[in-house]
Structures are given as structure tokens and as C-alpha cells.
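Kindly produce the complete structure, drawing on both the sequences and the hints.
There are 2 protein chains.
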Amino acid sequence: MAQKPSIPKGTRDFTPSEVVKRNYIFDIVKKHFQTFGFQPIETPSFENSETLMGKYGDEGDRLIFKILNSGDYFEKFARDIMESGDLRNILNEKLQSFCSDIDLQLGEKIRQKVLKFSDYNNNQFVSNTYDLHFNFFTENLNSRFQNVYSIATNEYKHHLISWSFTAIRQGRLRNENISNFVSDDVFNFDLSDFPFDALYVETVKKLISKQLTPEISEKALRYDLTVPFARYVVMHQNELDFPFKRYQIQPVWRADRPQKGRFREFYQCDADVVGSDSLLQEVELIQLYDTVFTDLKLEGVTIKLNNRKILAGIAEVIGAKDLLIDFTVALDKLDKIGEDGVKKEMLSKGISESAIEKASPLFNLSGSNADQLERLEELLKDSEEGSKGVSELRFIMETITSLGLQSAKLVIDVTLARGLNYYTGAIFEVGAPEGVSMGSIGGGGRYDDLTGIFGLPNVSGVGISFGLDRIYLVLEELGLFPEAIDRSLDVLCLNFGTKEGLAALKLTTVLRKHGVKADLYPSDAKLNKQFKYANNRNVPYVILLGTEELNNNSFVVKHMESGKQTTFALSEVETFIGGLR
Amino acid sequence: MAQKPSIPKGTRDFTPSEVVKRNYIFDIVKKHFQTFGFQPIETPSFENSETLMGKYGDEGDRLIFKILNSGDYFEKFARDIMESGDLRNILNEKLQSFCSDIDLQLGEKIRQKVLKFSDYNNNQFVSNTYDLHFNFFTENLNSRFQNVYSIATNEYKHHLISWSFTAIRQGRLRNENISNFVSDDVFNFDLSDFPFDALYVETVKKLISKQLTPEISEKALRYDLTVPFARYVVMHQNELDFPFKRYQIQPVWRADRPQKGRFREFYQCDADVVGSDSLLQEVELIQLYDTVFTDLKLEGVTIKLNNRKILAGIAEVIGAKDLLIDFTVALDKLDKIGEDGVKKEMLSKGISESAIEKASPLFNLSGSNADQLERLEELLKDSEEGSKGVSELRFIMETITSLGLQSAKLVIDVTLARGLNYYTGAIFEVGAPEGVSMGSIGGGGRYDDLTGIFGLPNVSGVGISFGLDRIYLVLEELGLFPEAIDRSLDVLCLNFGTKEGLAALKLTTVLRKHGVKADLYPSDAKLNKQFKYANNRNVPYVILLGTEELNNNSFVVKHMESGKQTTFALSEVETFIGGLR
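Chains as they are written, first to last, in the numbering used here: chain A, 401 to 981; chain B, 401 to 981.
Everything labelled a hint here was simulated from the structure, so no lab data went into it. Where is the CB? At the ideal position from N, CA and C, for every residue including glycine. Worth double-checking, as some hints may not be accurate.
[What the hints assert, rightly or not] Only pairs whose alpha carbons sit at most 25 Å apart, straight line, appear in this in silico DSS-like list of lysine-lysine:
{"id": "1", "chain 1": "A", "residue 1": "Lys788", "chain 2": "B", "residue 2": "Lys899"}
{"id": "2", "chain 1": "A", "residue 1": "Lys958", "chain 2": "A", "residue 2": "Lys932"}
{"id": "3", "chain 1": "B", "residue 1": "Lys697", "chain 2": "B", "residue 2": "Lys809"}
{"id": "4", "chain 1": "B", "residue 1": "Lys421", "chain 2": "A", "residue 2": "Lys913"}
{"id": "5", "chain 1": "B", "residue 1": "Lys404", "chain 2": "A", "residue 2": "Lys455"}
{"id": "6", "chain 1": "B", "residue 1": "Lys421", "chain 2": "A", "residue 2": "Lys421"}
{"id": "7", "chain 1": "B", "residue 1": "Lys917", "chain 2": "A", "residue 2": "Lys430"}
{"id": "8", "chain 1": "A", "residue 1": "Lys906", "chain 2": "B", "residue 2": "Lys809"}
{"id": "9", "chain 1": "A", "residue 1": "Lys917", "chain 2": "B", "residue 2": "Lys431"}
{"id": "10", "chain 1": "A", "residue 1": "Lys430", "chain 2": "B", "residue 2": "Lys421"}
{"id": "11", "chain 1": "B", "residue 1": "Lys660", "chain 2": "B", "residue 2": "Lys421"}
{"id": "12", "chain 1": "B", "residue 1": "Lys455", "chain 2": "A", "residue 2": "Lys404"}
{"id": "13", "chain 1": "A", "residue 1": "Lys430", "chain 2": "B", "residue 2": "Lys430"}
{"id": "14", "chain 1": "A", "residue 1": "Lys697", "chain 2": "B", "residue 2": "Lys906"}
{"id": "15", "chain 1": "B", "residue 1": "Lys431", "chain 2": "A", "residue 2": "Lys431"}
{"id": "16", "chain 1": "B", "residue 1": "Lys913", "chain 2": "A", "residue 2": "Lys704"}
{"id": "17", "chain 1": "B", "residue 1": "Lys704", "chain 2": "A", "residue 2": "Lys913"}
{"id": "18", "chain 1": "B", "residue 1": "Lys913", "chain 2": "A", "residue 2": "Lys697"}
{"id": "19", "chain 1": "A", "residue 1": "Lys809", "chain 2": "B", "residue 2": "Lys913"}
{"id": "20", "chain 1": "B", "residue 1": "Lys809", "chain 2": "A", "residue 2": "Lys421"}
{"id": "21", "chain 1": "B", "residue 1": "Lys697", "chain 2": "A", "residue 2": "Lys913"}
{"id": "22", "chain 1": "B", "residue 1": "Lys430", "chain 2": "A", "residue 2": "Lys431"}
{"id": "23", "chain 1": "B", "residue 1": "Lys809", "chain 2": "A", "residue 2": "Lys431"}
[Said to hold, decoys possible] Okay, the calculated bits of chain B under chain A, using three or more residues with CB under 8 Å as the criterion:
{"id": "24", "region": "457 to 471"}
{"id": "25", "region": "623 to 635"}
{"id": "26", "region": "641 to 650"}
{"id": "27", "region": "920 to 929"}
Following this line, the structure appears as C-alpha cells:
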């Protein structure tokens with residue numbers, strides 16, 4: 401039975417027209433990356449898991465696509481489990497042994513274990529069970545018992561509690577030990593023994609995916625271009641000349657829930673400079689945005705600029721330094737929920753009335769960039785970090801003013817946060833022209849110590865990113881793709897039979913040599929059918945070279961839109977080609 | 401502790417110079433794909449596993465990279481196993497029950513099961529064990545017992561045999577049943593019972609990876625571009641105009657053992673036509689090879705041409721139709737092991753002396769293409785299929801002769817097989833120019849029914865592929881990349897301080913607007929350091945714009961190779977740019 405084919409959710413096939421339009425964007429971006437002195441690199445689609453894991457937070461780790469080891473990937477894991485005997489039996493045995501052997505004098509020690517409970521690494525639970533040293537057994541297993549309890553579902557908690565009380569009644573367990581963690585539950589079971597098996601199943605089900613992954617997967621698909629770039633810089637540091645300006649345009653993969661406009665495979669398009677803390681890099685990157693969007697005819701984009709140091713300075717001067725994240729998250733919502741909404745949220749996060757009062761100039765920081773800079777300077781005069789941020793912002797704004805932009809607008813936006821914990825200086829974001837409803841179409845910023853995680857500290861970087869998919873949608877919406885960009889064929893030669901076809905193929909060959917996208921219909925099918933094909937492919941010119949033309953050494957060109965036919969001598973083919981330009 | 405970064409074996413980072421050179425090849429290939437009327441498509445990096453699995457043979461299935469399901473991927477599997485109780489105990493219980501309950505009168509039925517043995521699906525072994533109906537028990541488990549035997553290692557076979565003999569001695573098992581599958585082994589163990597546990601561990605270890613994979617992985621990385629293309633054609637059939645000519649340049653992934661020149665991630669670069677069985681497509685594809693390699697300045701490549709129908713015809717006329725594969729595999733080695741070697745191998749495969757005698761004209765089919773065609777025609781005159789192959793070959797050769805090739809050489813090579821089971825008509829292979837030691841740098845052929853596996857039968861396709869990595873190595877070896885192709889910067893402006901730097905940035909901006917790859921050194925570091933950077937980046941021109949130049953509205957250009965310095969007025973910048981061209 402033939403399969404009905406489909407593709408994985410969150411992925412896309414790109415049709416010829418889409419590929420051509422996407423490449424149009426890529427080509428313009430690349431051209432300017434290059435004139436700005438950026439060099440291309442490419443990194444492998446998958447990296448070693450340890451290169452990626454832990455770099456994007458817990459949520460990121462979860463969204464990274466992992467690749468199964470090849471071959472009998474399960475064998476090692478199976479051997480570990482099975483050669484040590486039957487997992488459940490071992491566990492039962494050890495737990496039963498615990499029940500009879502437990503040292504009831506461990507009260508205080510156990511209490512301490514309970515307190516450390518939340519630090520206990522669940523992942524180690526299953527694996528440690530195999531290599532338990534019996535010396536430590538009583539003490540360790542007691543804490544493990546509690547660990548099991550902490551991850552069990554309510555149903556199994558009841559079993560466990562019930563069993564515990566039986567044990568207490570039988571004098572095998574002391575009440576004060578167990579009561580530390582069961583005190584709030586209702587005990588209405590009367591089972592004579594605890595069902596380890598069921599609890600065990602539950603436990604293993606919860607732990608095993610996380611536990612198993614590193615055993616059976618050592619590689620993972622690239623999640624962004626930044627971490628692989630940092631890895632590249634460290635690995636190739638001796639070949640690179642700093643400042644190193646690189647661009648990289650490659651797909652990344654995320655196991656996100658697919659939704660409108662969010663895909664599991666999508667291209668990132670990044671330009672970064674590492675190894676220079678000069679603010680001229682920020683200036684250049686703003687110019688680069690302006691240049692690219694101008695060349696794409698996407699005029700009137702807004703480049704928003706902020707600086708992490710300003711946000712930190714504000715939090716400092718209003719006395720909410722510890723609440724920087726809460727403060728900026730709230731401030732970031734200003735244009736959505738308004739001044740009152742922001743104030744309310746700040747209050748709810750524990751920022752004081754007086755602090756909010758101090759920050760209130762931020763809520764209506766309108767006016768020219770120069771006005772805003774002045775007010776920020778005043779507001780932050782008592783914060784060293786904040787003042788530095790203002791002076792950085794001022795340098796960038798003034799230099800750009802002096803250089804001029806072609807079509808973009810540069811504005812200060814102190815509410816801009818974008819991955820605050822990541823950026824350390826400038827923060828950029830590009831908004832589509834007014835009237836287009838679309839999120840940001842680009843963003844970036846400066847981050848210190850990009851490569852520190854891989855052992856090369858103190859390398860500052862600054863970079864920007866172009867949001868290909870959104871730029872595509874905006875260009876489509878505004879009709880900014882060049883006319884006929886997706887025309888795949890300039891000329892189709894019709895096929896009138898073997899001899900005529902050969903002559904037409906010769907003509908086609910000449911056209912192609914001159915860079916004309918030309919094709920010969922591959923068989924002498926009915927003319928109807930051949931014309932229909934020409935129409936479907938939207939070919940502007942069709943060439944007819946039948947018996948008569950063959951005898952006259954000529955060919956007829958039909959302009960499909962007007963229907964006008966022109967006869968050329970075969971020797972005049974270059975005249976025809978000249979007319980196509 | 402910082403990680404020492406590395407990349408997975410078989411993958412590569414591409415440096416700027418490598419990316420630029422690879423893109424040079426891609427761009428030329430793409431340009432001609434387009435003038436030949438091919439349209440680009442792109443497909444997702446991963447496909448649903450069922451789209452890929454089973455399409456490349458067992459070896460291919462093994463080499464496909466599988467992607468772990470996201471989230472708690474193991475939970476379902478764990479639930480299935482564990483909620484049904486303990487796996488090993490169940491198995492033991494059932495096997496023991498088998499030993500005591502076996503119906504010894506089933507002789508003939510069991511014999512039939514044994515005969516069907518090879519049809520038995522190993523994958524079902526473990527899962528079926530859980531839901532065994534006890535009604536069928538004796539009969540089924542007997543065959544399963546043999547199944548276990550068939551997959552056990554020798555060591556466990558001995559255990560099994562030994563146990564079986566004990567069972568026979570005890571009258572629990574009849575000799576004639578067991579002897580069907582143990583007859584050739586030596587029985588020198590005297591264990592009193594069979595060690596199910598060890599056998600079970602061994603069995604599970606062998607089966608579980610294969611068994612487990614579909615449970616925890618539903619997606620897999622693209623293995624080639626052909627199957628995704630077939631899937632694309634079927635899914636998009638209503639949007640496509642046939643013949644559909646597509647090209648596709650994307651990476652593929654194979655879990656091959658990495659070795660020199662073989663990678664786990666590499667680009668494929670394919671052009672295919674589907675929906676036309678016209679031989680003009682073969683002609684075009686040969687022209688396309690010629691055009692691309694000529695444009696790459698890689699002159700003198702050899703395009704070898706064969707036809708599956710000719711190989712089948714030869715096997716037919718020499719009376720070795722059933723041995724077609726053995727015959728062609730041997731013939732394919734002609735230039736490696738010589739005529740005698742080929743004959744010897746054919747004999748060893750069971751091809752008769754007289755058949756080999758009949759085929760002997762093939763062994764020295766030298767001479768012109770026309771001569772070869774004539775001899776093949778004579779040799780194959782009694783085979784309809786063979787004669788058709790010759791006439792196809794003749795049409796292609798004659799048409800190409802009539803059209804002419806620019807720099808490639810087209811030769812008939814009846815020893816060419818290339819994935820014989822895949823191609824049904826023309827077979828192509830491109831060899832690097834003489835003197836370059838490199839395997840084929842391209843290949844392809846015609847395949848009927850490309851899309852049948854996905855439910856769209858009778859669509860003929862023909863396609864070719866360019867071997868990017870090898871073409872790269874050949875161009876590198878022959879020094880055919882354009883000079884300075886990897887120059888990443890045309891001009892570097894040195895930085896003499898804030899005011900001078902701003903003037904230089906203005907100049908840099910103008911240069912960039914004119915398409916010059918230009919950069920400003922980001923800080924006013926010592927001139928030594930700035931010049932060293934310029935040297936390292938191999939910049940041909942350095943611009944000096946110091947205080948004096950700033951005051952004079954001028955800039956100095958230093959040609960790095962000659963050391964010659966020229967002064968330009970800032971207003972003359974376009975003169976300088978003109979001189980760069």
C-alpha cells in the first residue's frame with residue numbers, strides 16, 4: 401500500500417517561487433554583509449550535546465532536538481540495567497532490606513537530609529540504586545525513600561503513607577522520622593505492605609526520559625547560531641584575526657509547539673563582531689540595518705535602541721536594583737497596558753510607590769532623541785552605570801546623526817529589553833514600517849563574554865539578526881518583491897518533431913549560453929498541450945520552429961501576453977536575445 | 401569549568417575562505433540549472449520516519465539519523481512495558497509453563513512453523529510475548545523458542561541446546577522437533593536447566609534498539625534529496641506542471657563511518673526532470689554537465705554513458721539473466737582487475753564458460769563510440785530489451801554529436817553500473833580530467849516510477865547530481881578557483897582617533913555604497929597593530945586619514961603589495977573606486 405506522504409508538523413516545503421523570493425532576501429543581506437567586511441562561516445547542523453545543553457535555560461534544553469545515537473544505541477543502556485540483574489527485583493530487595501535493617505537512631509541525620517531534599521538530584525535516583533554501597537545503606541536509602549515520596553503521584557503517596565504507618569506500628573520506623581514529610585496527608589489506608597512495584601513504575605516513567613537521553617543521544621540539532629559561533633571562535637581562535645566579523649545564514653531547529661508563523665525549522669541570519677568593544681561596531685550595525693532594508697525597498701523601518709546599562713541604572717536610582725528583571729518586564733509592556741497598568745504590575749512585584757514615582761519620567765519619555773537623552777542624563781546622574789549607558793547611547797545617536805541614514809528611523813526606546821539577561825550594552829530591535837502589523841523583523845545587541853563558556857574569557861561581541869520569515873511576509877504584503885522575480889523560464893521552444901526538435905534544441909542551447917532561461921518542450925505533443933504548459937509556467941515568449949521555419953532557417957517568436965508574432969532568421973538569434981533585456 | 405569545544409566526528413566547520421569557494425561552485429551550478437529551465441525547491445531537513453525508512457535498503461535504514469521525540473518520549477514505552485508487569489518474570493513464567501505443558505503431539509505442525517521461520521518478524525517477538533493467548537500457547541511459543549535460538553549468539557545457542565537436551569531426556573520435548581534447528585551444532589554442555597535470564601538479556605539487547613526506535617523517534621534527517629523530492633512531487637502534484645524540472649541543493653546526513661573525504665553531513669546538488677520519458681532530457685543533462693564544468697574551467701571531464709537495458713540485454717543473450725547483478729558487479733571491475741579477473745569472478749558466481757565466452761566482446765569494447773555502438777548492436781540483436789538500450793544510447797550519442805560539447809568528452813562505458821537496481825534506462829557518471837586522481841565527480845540516470853512508493857505511479861524521472869566536495873578538491877588541486885576569490889576586504893581604513901575615525905567612517909560608508917568591501921579599524925590602536933591586522937586579512941589597499949588629511953579634506957591610499965601611496969581629495973573618492981575595478 402502506498403503511503404500518503406506528509407511532512408512533520410512545524411516544517412515546510414518551499415516551492416520554486418518561495419525559494420526564489422527567499423534567496424532574493426538572502427542575496428541582498430549577504431551582499432551588504434560583505435561590503436561591511438563580514439565574512440561567512442558555516443557550522444555543522446548538529447553539535448555535540450554538551451556544546452548546546454545548558455546554554456539556553458531549562459526551556460531551551462527541552463526544545464533542543466536530540467539525535468539518537470546510531471547502531472545498537474540501546475545496547476549499552478540495556479547492558480547496564482540487565483547485566484546487573486532484574487531492576488525491579490534489585491530495588492525491591494534493597495527496599496525490603498531497608499525495612500528490616502533500618503537504624504532507628506538516625507533521627508537528627510534524617511531530618512537534615514529532609515532539609516536538603518530539594519537539592520537532591522532526581523536524575524541520580526535510578527542509576528544510584530544499582531551501585532548502592534551497603535555501608536551507607538540505611539542512611540542513604542532513607543533519604544531516597546523520601547525522594548521517592550516527593551516525586552510520587554498522590555495515589556502512590558497514599559500507598560506510601562499507609563505502608564509507613566504499618567512499619568511504624570510494627571516498630572520498624574520511628575514516627576518522628578516519617579512525620580517530617582507526611583504530616584499534612586490523610587491516612588485512611590490499611591494495606592499490610594507497600595506496593596513497591598506500582599510506585600516503581602510511576603517513578604521510572606517520570607525519570608527515565610531525562611535519565612535515558614544522555615545514554616542514547618550524544619548529538620543535537622543547532623538551536624541558534626550564536627552558541628555554535630562562540631564554539632567556532634574558541635576552536636579556531638588561532639586562525640582568526642580579531643576583531644572577527646562573521647555572518648552566518650543557516651537553519652536552526654526548535655521543538656517548539658508549532659503555530660502560525662512559528663516553525664520547527666527556520667533560518668537565522670546573523671552578523672556579529674567579536675573582539676572589539678568599540679561603539680563604532682554598534683554604529684556600523686545600525687548602518688547595516690538601514691542599508692539592507694533600503695536595498696530591499698522596505699523604507700521607513702524603525703530601529704529602536706536601548707542600553708542594558710540604562711535599565712540597570714534606572715533600577716539602581718529608584719532603589720529597585722534587586723528587582724531589575726521585574727522592573728524591565730513591566731516597563732516593556734508600556735505600549736500594551738499603558739502607564740497605569742505598568743505601575744500596577746510594578747507595585748504587585750514589590751516595587752515601592754516612591755520608586756515608581758521616581759521612575760515616572762520614563763513613562764512619557766517622548767520628544768526628540770536629544771530631549772530623551774537629556775532627561776535620561778538627569779534621571780541617572782547618580783548612577784555610574786546608568787550614566788555610562790546614557791553616554792554610550794549619546795555617542796551612537798550622535799554618530800549616526802552625523803552619518804545620516806538612508807531610509808530607516810533610529811529612536812531611543814528605554815522600554816526595550818529583549819533577553820535582558822543576555823545583553824550587557826546596546827540593545828537593538830527593528831520594527832516594520834508603520835501600518836504593517838508584524839512583530840520585530842530584526843534584533844540584537846552587545847554581550848560580553850560570549851566565548852567564556854568555552855574557555856576563552858573577556859571577548860566582547862555585538863551582533864544583529866534579520867528575521868527572514870517576517871521580512872518575507874512584509875515584502876509580500878507590501879508588494880515589494882521585484883516583478884516577475886519568480887519567472888522560471890524566459891523562453892519555451894515548442895517541439896514539432898525529431899528534426900525540428902533538434903533545430904530547436906540547438907537554438908535553445910544558444911539562448912542558454914547567453915544566460916536566457918530557455919527550454920525545449922521534450923516531445924512533439926499536440927500544440928494545445930505545449931501552449932498550455934507555456935501558459936502554466938507563465939513564459940513570456942514561445943518560439944515556434946516548425947518545418948517551414950526549419951527550411952527557411954528561421955524561427956517565430958510569439959509574445960504570449962500580446963499574442964504578437966515576430967519572425968527571426970536563425971542567424972539573428974542575438975538580436976532576439978538583445979530584445980529580451 | 402569551561403568545556404573544551406569540539407564538533408561531532410564526520411562534520412565540518414567551514415571557514416570564510418571555504419564558504420566562499422563552495423558558494424562559487426554552487427553559484428555557477430545554480431546559474432546553469434536556471435538557464436536550463438530547472439526550478440529550485442527546498443524540503444525540510446527532517447522527514448517523518450516512514451517517508452525515509454525502507455527506501456534505501458537495510459544498510460540505508462541503519463545509516464539514517466533518527467531524531468528523538470521531544471518531551472517525555474519514553475513515557476509511552478515505559479507504560480506499555482511496565483503496566484503489564486515485569487518483563488522478565490512474565491517471560492520466564494511463560495517459558496517454564498511451556499516446558500511442562502508442551503503438547504508433544506504437535507510434531508508436524510511445528511515442522512511447518514520451522515519452515516516459515518525466516519518469515520517470522522523478529523520485531524514482534526518481545527511485544528507479542530505480553531499478549532500471548534494461552535490457547536495458542538504451546539504452538540506459538542514453540543516457534544518463538546526457535547526464534548530466540550535463531551538470534552542468539554553461539555554461546556547462548558549452546559546453553560539453549562544443552563537445556564533442550566535435558567528437556568528431551570526428561571521427556572518434556574521430542575527429539576525430532578528440536579533437531580530441526582540444532583542438527584549442526586556440537587552438544588557438550590550438561591546444564592540441568594536453561595539460563596533464560598542470560599538468553600533473555602542477550603535477546604533484548606539485540607532487539608531492543610530496533611524495537612525501541614519507532615517508539616521514541618518519529619522523525620529522521622534527510623538521507624538524500626531523491627526520496628524527499630519524490631514525496632514533494634506527490635504532495636504537490638496538483639500545483640506542478642509536468643514535465644517538472646527541479647533542482648535542489650541542500651545538506652544530507654548519513655551515519656556512515658567517517659573517513660577521508662566521507663562526511664556525516666554533506667551537500668547534495670541534484671537536477672531532475674519528472675514526468676517526461678523523452679530522451680531529449682538525457683541529452684540536456686549531458687549538455688548541462690558540459691556547461692557547468694566548462695564554466696568552472698574544469699575542462700576535459702569524461703561523461704560516461706551506459707544504459708541499464710544494455711546490461712540486461714547482455715545478461716539475457718549470454719543466458720545469465722538471473723545473474724544480472726553478479727554479472728554487472730564483476731564487469732564493473734574490468735579496469736581494476738582486468739579481463740582475467742572479471743572472468744574468474746564470473747565463473748565463481750556461477751556464470752558458465754560459454755556465457756562468458758559470448759560476452760567476451762565486452763572486454764575489449766574500445767574504439768570510437770560509433771564502433772562500440774555497432775558491436776553492441778550486433779551482440780544484442782536477439783534481445784529486445786538490449787536492442788532498445790542500444791537504440792537509446794545511439795540517439796543520445798548522435799544528438800550530442802550534432803549539438804557538440806564545449807569541453808567535456810562523452811564516452812560509452814558498458815561497464816558502468818552505479819546502483820543498478822535503481823536506474824532503468826540511461827546511466828551517467830562524470831570522471832575528473834585525466835591526471836587527477838579522484839573518483840566520480842557526478843552521476844545520475846533514469847529511473848522509472850520514482851513516485852510510486854508514495855502513491856503516484858508511472859512517473860518517469862531522470863536526473864544528475866554534482867559531487868560538490870570532490871569538485872571542490874579538484875578545483876583546489878588544479879588551482880582553478882579565481883584569484884583572490886576569498887579576499888574578504890578590498891579596503892581597510894585605519895583609525896587615527898575620534899574625529900579622524902568619524903571622517904574615515906564616512907568614507908567607508910561611501911565605499912560600501914559603491915559595493916566596495918570596506919572596513920574601518922574600530923579603535924585608534926597603534927598603527928603597527930592596525931597594519932598587522934590589514935596584513936593578516938590580506939587587504940590590498942589601506943586608507944590613511946589622519947589629522948593632516950582631515951584638515952586637507954583628503955585621504956591617502958597605500959597599495960599594500962607595492963607600498964605605493966597616493967593622495968586623493970575626499971571629493972575624488974569615485975576616482976579611487978574606479979581604479980579598484
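Structure-based check of all given hints:
no.: 1; hint: A:Lys788 / B:Lys899; result: holds, 21 Å
no.: 2; hint: A:Lys958 / A:Lys932; result: holds, 14 Å
no.: 3; hint: B:Lys697 / B:Lys809; result: holds, 14 Å
no.: 4; hint: B:Lys421 / A:Lys913; result: holds, 23 Å
no.: 5; hint: B:Lys404 / A:Lys455; result: holds, 15 Å
no.: 6; hint: B:Lys421 / A:Lys421; result: holds, 24 Å
no.: 7; hint: B:Lys917 / A:Lys430; result: holds, 12 Å
no.: 8; hint: A:Lys906 / B:Lys809; result: holds, 18 Å
no.: 9; hint: A:Lys917 / B:Lys431; result: holds, 9 Å
no.: 10; hint: A:Lys430 / B:Lys421; result: holds, 15 Å
no.: 11; hint: B:Lys660 / B:Lys421; result: holds, 20 Å
no.: 12; hint: B:Lys455 / A:Lys404; result: holds, 15 Å
no.: 13; hint: A:Lys430 / B:Lys430; result: holds, 17 Å
no.: 14; hint: A:Lys697 / B:Lys906; result: holds, 23 Å
no.: 15; hint: B:Lys431 / A:Lys431; result: holds, 17 Å
no.: 16; hint: B:Lys913 / A:Lys704; result: holds, 23 Å
no.: 17; hint: B:Lys704 / A:Lys913; result: holds, 23 Å
no.: 18; hint: B:Lys913 / A:Lys697; result: holds, 15 Å
no.: 19; hint: A:Lys809 / B:Lys913; result: holds, 19 Å
no.: 20; hint: B:Lys809 / A:Lys421; result: violated, 37 Å
no.: 21; hint: B:Lys697 / A:Lys913; result: holds, 15 Å
no.: 22; hint: B:Lys430 / A:Lys431; result: holds, 17 Å
no.: 23; hint: B:Lys809 / A:Lys431; result: violated, 37 Å
no.: 24; hint: 457 to 471; result: holds (count 8)
no.: 25; hint: 623 to 635; result: holds (count 4)
no.: 26; hint: 641 to 650; result: holds (count 4)
no.: 27; hint: 920 to 929; result: holds (count 3)
Figure legend: structure checked against the earlier numbered hints; hints not met, in rising order: 20, 23.
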